[in-house]
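Going line by line, the protein sequences match chains A and B.
Take 1 as the starting number for the first sequence in the numbering used here and just add one per residue.
Take 1 as the starting number for the second sequence in the numbering used here and just add one per residue.
It is worth saying that the hints were derived from the structure and are not from the lab.
There could be a bad hint or two in this list.
To be verified - Facing chain A, a subset of chain B residues (Cβ under 7 Å, in silico):
1) 58
2) 75
3) 94
4) 226
5) 660
As the list claims (entries may be wrong) - Restraint-style ranges between C-beta atoms, simulated for each label pair:
6) A:236 / B:225: 23 to 31 Å
7) A:236 / B:579: 38 to 46 Å
8) B:225 / A:295: 40 to 48 Å
9) A:191 / B:378: 16 to 24 Å
10) A:640 / B:196: 37 to 45 Å
11) A:674 / B:378: 54 to 62 Å
12) A:122 / B:267: 51 to 59 Å
13) A:48 / B:449: 32 to 40 Å
14) A:449 / B:389: 44 to 52 Å
15) B:151 / A:14: 23 to 31 Å
16) B:226 / A:14: 31 to 39 Å
For glycine and all other residues, C-beta sits at the position ideal for the given N, C-alpha and C.
Protein chains: 2
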Amino acid sequence: MLGPIDHGERYELTNPTALPQAAGFLWNRRMMIQVTCRGYATAQFMQPEPAKYAHAPNLEAKTFMQPEQAYYAHHPGRFVYVKDEDTGELFSAPYEPVRATVDAFQFRVGRHDLGWTVEHLGLRVEMVLGLPTDDVAELWELRVSDMSGRTRRISLVPYFPIGYMSWMNQSAEWRSDLGGVVASSVTPYQKVADHFKNLHLKDKTYFLCERQPDAWEASQTAFEGEGGLHKPSALQAEQLSGGDARYETPAACVQYRLALQPGGTETYRFLFGPALDEAEIAQMRAAYLSEAGFARTREAYARYVDGGSGCLRIQTPDAEFDNFINHWLPRQVFYHGDVNRLSTDPQTRNYLQDNLGMAYIAPAVTRGALLHALGQQHANGSMPDGILLVEGAELKYINQVPHTDHCVWLPVCLRAYLDETADFALLNVVVNGLTVAERLDAAMAWLQKDRDTRCLSFIAQGDWCDPMNMVGYKGRGVSGWLTVAAAYAMRLWSGMCADAARPVQAERWQATADELNAAANRHLWDGDWFARGITDDDVVFGVSADTEGRIYLNPQSWAMLSGAASAEQRIKMLAAIDAQLETPHGVAMFNPPYSGMRDDVGRVTQKHPGSAENGAVYNHAASFYVHALYDAGEADRAFSALRRMIPGPDAADYLQRGQLPVFIPNYYRGAHQQYPRTAGRSSQLFNTGTAAWAYRSVIEGLCGLRGEAQGLRVQPQLPSGWSELSAEREFRGARFHLHVRRSGQHRVLLDGEPLPDGLVRGIQPGRDYRLDVELA
Amino acid sequence: MLGPIDHGERYELTNPTALPQAAGFLWNRRMMIQVTCRGYATAQFMQPEPAKYAHAPNLEAKTFMQPEQAYYAHHPGRFVYVKDEDTGELFSAPYEPVRATVDAFQFRVGRHDLGWTVEHLGLRVEMVLGLPTDDVAELWELRVSDMSGRTRRISLVPYFPIGYMSWMNQSAEWRSDLGGVVASSVTPYQKVADHFKNLHLKDKTYFLCERQPDAWEASQTAFEGEGGLHKPSALQAEQLSGGDARYETPAACVQYRLALQPGGTETYRFLFGPALDEAEIAQMRAAYLSEAGFARTREAYARYVDGGSGCLRIQTPDAEFDNFINHWLPRQVFYHGDVNRLSTDPQTRNYLQDNLGMAYIAPAVTRGALLHALGQQHANGSMPDGILLVEGAELKYINQVPHTDHCVWLPVCLRAYLDETADFALLNVVVNGLTVAERLDAAMAWLQKDRDTRCLSFIAQGDWCDPMNMVGYKGRGVSGWLTVAAAYAMRLWSGMCADAARPVQAERWQATADELNAAANRHLWDGDWFARGITDDDVVFGVSADTEGRIYLNPQSWAMLSGAASAEQRIKMLAAIDAQLETPHGVAMFNPPYSGMRDDVGRVTQKHPGSAENGAVYNHAASFYVHALYDAGEADRAFSALRRMIPGPDAADYLQRGQLPVFIPNYYRGAHQQYPRTAGRSSQLFNTGTAAWAYRSVIEGLCGLRGEAQGLRVQPQLPSGWSELSAEREFRGARFHLHVRRSGQHRVLLDGEPLPDGLVRGIQPGRDYRLDVELA
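Bound conformation, chain A alone:
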């Protein structure tokens, strides 16, 4: 094993498998490197804190969910190896880690479950994943069937890697009393106080088997062996060796050795998830791990998801679009509104917009969220950077950096809620001593106050664009977008005040909005579009003189909404957007992307060009634009921008974006000129305020079914290529059946009767209404 050792200045090893971890190390005054006999290396250097120049393939931190994460062989996953015991042939379902070229493959993304069917070696393997509604667990059903007509001897080996749990304590073993592999760990901590915080953490991971397997293995290393994940050593033996993991990387591997009759089928069920202790694992098993438990859970979960199916069903000439709007978009909106992106301190703007979306799904949730958020308003009227959702939560990460836009989202969210419900009583609800209306006044007053002498809104360390962190960190820089966004917020609140018989406030906020709009025009109008802002050192940016970041989308969209832009200005702005921000995959947030640091703008200029905030098609910004376009009656531009948020329907488009049309991602990469190979690629991240705004635009813009204080305003805006559209819309307890067609004239019929002003009044809950709209 060890070769002839030179008893001098070196050691020699002649077999890389006997001592796989054997390593040497070198160092110098600034670095250290440890390299194993097999070539793996760990190096760090000082600058002055320790750093790395070669990294693990994944992000080295526990943090928020990342876009575009990279996968690699040992990435967490759920796999099943299938071995033909007569021939020794091996494949894995769904595809990784063996990557066999199988005879048939199908991946199904359902609203309530995910499923795969893989056919290979005359066998069919089906896998289905479902979740319970309130517990943390994965329900896996696995079915294997013979398709060859022969008797088969096979091994079926689910392999669920558990990975590096903790440097303090990790282990795993088969637990016959619980019927599965149980991995244990202790969350690392150093300060005593953290120990007490961690006591309730679910530090165990279980993989429970409904049917007793024939063998098992709990160590990742022992399972993989020298074969590699594509051909694990443990599968070369007749059966897994029953090993445990003792401060080794845990994995759940179980083996079923079975004889399938010709055409026969066997079904297996598994439960995978975290637990506090063994009693909880036993409870989970009892509650879920049976055929009846799976069936019961599936039904309950479908009811849960379908409870968020939204208020609209459409039928248009674009069947793919219909499918997305009817099934997938409200699902994404519901996800956001129901779980707040799995955060305990969502950013205030996200929290309010996610709940804006809920106005079309479960308005009572929106109401509760508005009251909850206002309960955390500061005494000076400003809103905190994040809303704490649970006892003991803290503002973390980006929520420790001051942003100045959070108040804007209060009237924006409130307006959508009132449009949908006309629940003006909400305005008189008292939160911490002030009514909702008074709190909105205070928020608007804070926006009014947080301006410079030119009446432009300070940006501090960011606004909606949170990585625009250096425009105003010295306290002087202003945001062009926020200036018109504050104007829009005040305009909205002014309108609500008017509807709520608060004429004094209605007048005050419209006047303040006008002041802001005037200031924007005075200081930010660049001739063809509005600038993005003015830095601490008085540099106007997002203007024609810039070679990078020349034009930003948001200031244009919100200037249209706020009333800052005249009709003449709007024409110029739209032309500039068409010329400079349009891409095949949507409208870019700004262009051209920054190629390097601009230290008066900040972090946004350091992000990867063509992705996320730096020049990408950032769908959230595009969704504001769509809203503004419908508001301005720009039906074709609006639908075009909206449609491109959804991948497809062309195969080439799916390929370029790399995503199925089951959600709108937070961005598609931009930088078409600079990086055409990757432009359009999806972030794969489904956390985005886009969902709410896109759904709203379909309902209120495209279908033109928008609530007002008095009733439902009917004003569909079909793209010019469409000759008709049908929709079913639930609104204030009634059901509206809309049919739109092009007839050459414009008129609206309510239950066959003309409705000259297009406003349905006196809506009776429970009733069905028929709306026939003819367009010119």
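Given the structure of chain A, go ahead and fit chain B onto it with the hints provided.
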């Protein structure tokens, strides 16, 4: 590519390779899971903060260097693929990622470089890694030779994965102007202030080629393709496609297509490392990347490492032991003393002990470190938890948790330094207004004060055992070890005061030491050994009544050193240690290991049983024991414990430990009873205070060549199985040639003349002395 799409509630995909990232997601009220078509999954749940139950295979944090880290296919490494272009056969050197069974393999760990030789397919591949002395860079030499006697057409493809650099910005491309792949990134930050801190960071990674390759690829994904790292798709084509990485995981892959004449050889050189900018990359290339540059660097680096080769060369009946002591142990000691474990805030006890080791290598470094540490002493005499080494450094991680032992290490380190140098002038050097001697007095006074009414030392949130964090966090618990360690520290300082003509202080500190020793005997003596401590709630632990953590090694070792233990007690303690702590791989730190949380002891009981602090052979504790044993004249026990710190020489021992004998690791796993499979396994972590103590024990204990104020005390302690030993020792500028043999009588000869008291006085620098020692 997309199969027939069901225009209903699900989407289907029929090819897992066309849209490799295509994914669906499910969520419920407490969790979310996104699963790709190929089976990779990302899941998180709330408790209430986001958490995971299936993890990446590596530790998800940038933190200190970890023991026993797991390797996996995509782990950082340095690899070279070799493809026979005539047959298409492929292998990789050193071994990963292809894992071919090669004809010959050799891994060489040298003092100055690491090297591999791999023979396969009639080719020999040699790789050598070296470092420069002051710059951060890896120098790789790669040589390929034909051994078949035929003309060969091959591709040589170095593959250096760079990994996930940053979520903010990462890219890589071939740079013909620089002659290599350059990967760029921006270190993520959110707070403006961090931007300015990050401006100087070396966020680029370069891989420079001395010879221009024929092709290259900078994207990890494009290189690997569907083939997997064991058979990369890019290597199936004739040549790499020259792609870049744009917010994709970067890798450096270059291809040399070459024709080797029969018996021919080609040599390539590469430079791999981090850089601030392109100018720095160009400079590094100019400085290093040539045959002459490599040769110059190799020589300079060898001089650097050899500058730390220590003060001792031995020859004993144990040739492996000699090799380790003569070549490897001083190298490890030098590493610690020269770079302080690559930290900007080393724990105070580590800093002082690492510099204790330097007393035998470069005493001036020890002197500087003592002064530097004392410069950070608090006004009340206590020492901070870490010593800041550079401007702007901060106390981090464990250094933010209060430990009470740091003052102990001042006299311990100082005594080793004074023994080696007799530089008593140091005591009068003024640091921040007080002399070194006064600062030592203050440190001892703080230890004297930080005791309870029983005269036992408070432990706060830990002592030397930093995860023993809950014994005294309420402010009452005491440490048994620290009580006798404080006594030993005072005893040492008392002796130094006596040598330095400070009789008052000498008397004071010996009296205080006696008081502590008496208290230890009164409250902690358990009948056969000393207890480890008494908790906040007055529970004595580390005693015979305990079923776990019954006996700890440290209180015994230090009670022997401090004088707390009588000869009678020592006999009992040694018997208890023999019976309860001895293992085949060394002496355990305590036993039996804790199987679960003991919330009056703390984190140590939550660590993985059998590893690190929980019941392992923690070599640092074992090294104190060895020191105490030599101090007590227990030559056999001492050598036995010392020898087992080094793997081998039996093959079975290497296999069980999984480590080459080129350093002493911080631990070998314990828990022999509970987990025999993994017991003895090396942590592979070379950061440990053990190195300094082990080296000191060989010099002063085994060879018995220990400095005193007056000169060199000669008192070798050979294990009973040895009949002789030779050593060469540098001491105060002179050179001592020692020969020890068993003659049946005891005597010491200096240059042939009897030296009755064994103390060499009046040592003249530059002189050679011969010491002949006869043992009974």
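Against the structure, the hints come out as follows:
With 7 Å as the threshold, the beta carbon of residue 58 of chain B comes within range of chain A, its nearest partner Cβ sitting at about 5 Å, so the hint holds. About 5 Å separates the beta-carbon of residue 75 of chain B from the nearest beta-carbon of chain A, less than 7 Å, and the hint is met. Because the beta carbon of residue 94 of chain B sits about 4 Å from the nearest beta carbon in chain A, less than 7 Å, this interface hint is met. Hint status for residue 226 of chain B relative to chain A: holds, with the closest Cβ pair at about 6 Å, below 7 Å.
Of the supplied interface hints, the one on residue 660 of chain B holds, with its beta-carbon coming within about 5 Å of a beta-carbon of chain A, less than 7 Å. Between residue 236 of chain A and residue 225 of chain B the CB atoms are about 26 Å apart, so this pair conforms to the stated range of 23 to 31 Å. Here the CB-CB span from residue 236 of chain A to residue 579 of chain B is close to 44 Å, well matched to the stated 38 to 46 Å. Checked against the given bound of 40 to 48 Å, the beta carbons of residue 225 of chain B and residue 295 of chain A, roughly 41 Å apart, stay inside it.
At about 20 Å, the CB distance of residue 191 of chain A to residue 378 of chain B agrees with the hint of 16 to 24 Å. The given range of 37 to 45 Å is respected by residue 640 of chain A and residue 196 of chain B, whose C-beta atoms sit roughly 43 Å from each other. A beta carbon spacing of about 56 Å between residue 674 of chain A and residue 378 of chain B agrees with the range 54 to 62 Å that was offered as a hint. In this structure the supplied range 51 to 59 Å holds for residue 122 of chain A paired with residue 267 of chain B, their Cβ-Cβ distance being about 52 Å.
With their beta carbons about 35 Å apart, residue 48 of chain A and residue 449 of chain B fall inside the hinted range of 32 to 40 Å. A C-beta distance of roughly 47 Å is found between residue 449 of chain A and residue 389 of chain B, which places it inside the suggested range of 44 to 52 Å. Between residue 151 of chain B and residue 14 of chain A, the C-beta spacing of about 29 Å keeps the proposed range 23 to 31 Å intact. Here the CB-CB span from residue 226 of chain B to residue 14 of chain A is close to 34 Å, well matched to the stated 31 to 39 Å.
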